[in-house]
Amino acid sequence: MGKRKAIEQIVKRQKRLRNTERVESKTEKSGDKEKWTNKQRVLIFASRGVSFLARHLASDLRTLMPHARADSKLDKAKGFFEINEICEMRNCNKCIFFEARKRDMYLWTSNTPHGPSAKFLIENIHTLAELKMTGNCLRGSRPILSFDPEFDNLPHYQILKELFTQMFGTPKLHPRSQPFIDHVFTFSIADDRIWFRNYQIIEEDGSLTEIGPRFVLNPIKIFRGSFGGPMLYENPKYVSPNQYRAQLKKNAGLRFKNKVESQMGHQVRKMKDTYNIDPLDEIFTTIKPEDAKGQEKLTYYRRKRSHPKDTGEKIAAAL
Amino acid sequence: MEENTLDVREENEEDSNSESYSSESDVETEVTNRQLQDAFADGLLQPGLNFIDKPVKECANDVGSMKDILQEFTQNIDWIERLDVTCGPVHPPGMTEEEKNEEFDVEDYFKRELRFYRQAQAAALEALPKLNKMDVQTRRPEDYFAEMAKSDVQMKKIREKLLKRQMSLDKSEKAKKLREMRKFGKKVQQEVLHARQKEKTEMTRRVKNISKGKMQETGEELKKQQEKGKRRNQDPKGKNPNNPLTKKVNKKREYKNSKFGFGGKTRRMKFNDKDSHGAEEDGFDARRNQQSFSKQRMKKGGFKKGKGGGFKKGQGTAAGGIKKPGMKKGRPGKNKRKTMKSRRK
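Listed in order, the protein sequences are those of chains G and C. Residues in the first sequence are numbered from 3 upward in steps of one, following this note's numbering. Residues in the second sequence are numbered from 187 upward in steps of one, following this note's numbering.
If a hint is listed, it holds; no wrong ones were tucked in.
In silico SDA-like pairs for lysine to any residue, Cα to Cα no more than 20 Å straight-line:
1. C:Lys297 to G:Phe198
2. G:Lys223 to C:Asp248
3. G:Lys239 to C:Cys245
4. G:Lys5 to C:Asp329
5. C:Lys253 to G:Asn155
6. C:Lys253 to G:His116
7. C:Lys319 to G:Glu36
8. G:Lys239 to C:Glu244
9. G:Lys174 to C:Ala332
10. C:Lys253 to G:Leu156
11. C:Lys342 to G:Glu132
12. G:Lys174 to C:Met320
13. G:Lys239 to G:Arg195
14. C:Lys253 to G:Gln160
15. G:Lys134 to C:Asp294
16. G:Lys174 to C:Lys316
17. G:Lys174 to C:Val271
18. C:Lys253 to G:Arg226
Hints were generated in silico from the structure; no laboratory data involved.
Produce the entire structure from the sequences given, and follow the hints as far as they go.
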């Protein structure tokens, strides 16, 4: 018993020492205690009619980002300018808004007071709850943000990169953050879409496991102002899901249309007479009795007088 | 030359086939033959089937203002605050230059995920040493317990699922191996049986041939024959009851059988025959004793009631009551006969 207690005391002392060391190092750096300077607050919420996946994704993002705030569901009827006011009320300078329309999900990211905003189509959502993603990280620890080199080539991607850095990066010394850095957010560009992944750093040599969540963003538009304003960029390769579905239906209908048209064409082109035959040519054709078939046979068949049918008629007539 | 309205291109795509077909009538109203001829002369048109394209949508791409805005809202803070890394994926040592530059197919799930993984790896490998230089702790110590992004319950579920999968894999592997072993074992057994059968037939054939004088007898065959015989007699556990040589003998039983039993060696020993039953000694003569039963009785001395009607042995026969001519008196009594016997002996 005594031994165990001793060990516990040693451990506690070490912890205490470590904590004091950390505080000391900070004070050494800046003279007085360091403060949290990079004040970023993100408001994450959704509109009405959003599916369960989007709701879970929103809550997962709030779990991973300690500088995120939640809000109640927004009535779309109010319009997008309301969102700016809500953000101001909650004292947030960034916003992530999930919008649902028909069967599709859209994501708005915005730098709320004046800055640029972007609209994306969000696809392939996998949440933290999936059992195939086996990693785990501290709640509120700071992430390393990894970007594809493509992000530096085009101006619209540069804007998006800056937006994501400010939004997803946990500010240093945030009160709810943890001091250790144990996971990586990956933003890659493939097929003109932005793919998001979250990995846990297991070893310093670079072995990783995926934590989740996962999603794919298809950029639609970038606006100059927050949720409005002049359009800076429009994605030419973006096909809205409605258009896509309409195209599919059209293709399906095209087969039927082709069939009908070909049938009509056939009717038009079909000829009634294969050869020009004069009907008068057939008057004097004679067929041999051996060669006669069907109707033609009747010409060679003559009923005899003593046929029972004839006699019957005669009798009837007599009577 | 109305080049603005004329937006033609070569026939190299088939998806707009139907649309052009239906809008053929429109084409003729817009573009006259004269115009087409002029265009061809100028080299704008190529021989072949030409289609009119849809008007290209004008997409906004305001590079200038985008750059301005970027300048505006970029934060100029230390890297330690931002922690962003831009790098391509890490390449494994065995990859060629070609493979590195290869355009990867998004549909290929494995390759795609691997690429993202490698990108994350590259970023981590770049950032972690930098952080360590700045004395920022990256590794969580063993005794630091804090809330995790996924709850313990969730992690437990994950672990269970992994275990389950592992177990099912192991089971299936085991089953496969067992099946293989069984097949193999069966083969081996069959081979052994075949070999034995062959040997047996060979031996019998040889022995037959020797006995018939077709083959020369070598010591080998004899030895084998002896061994065979030995093997037949050697039944150490005494399990074959049909083999008389290896039966276990119960001596007590055998003695009793010989004394009291009626079968086996004592089959005919316990029946009397002419010599053994001593007819001469007793003096019973069938001829002599052919008188009737009643007369015999009379001779003896009256009818004795007390004896329950049962007649004695020797007198019950038909021949017992008849007096024989050779006999002078009646038969002597029991005691007399006994004395006669003992005297004779």
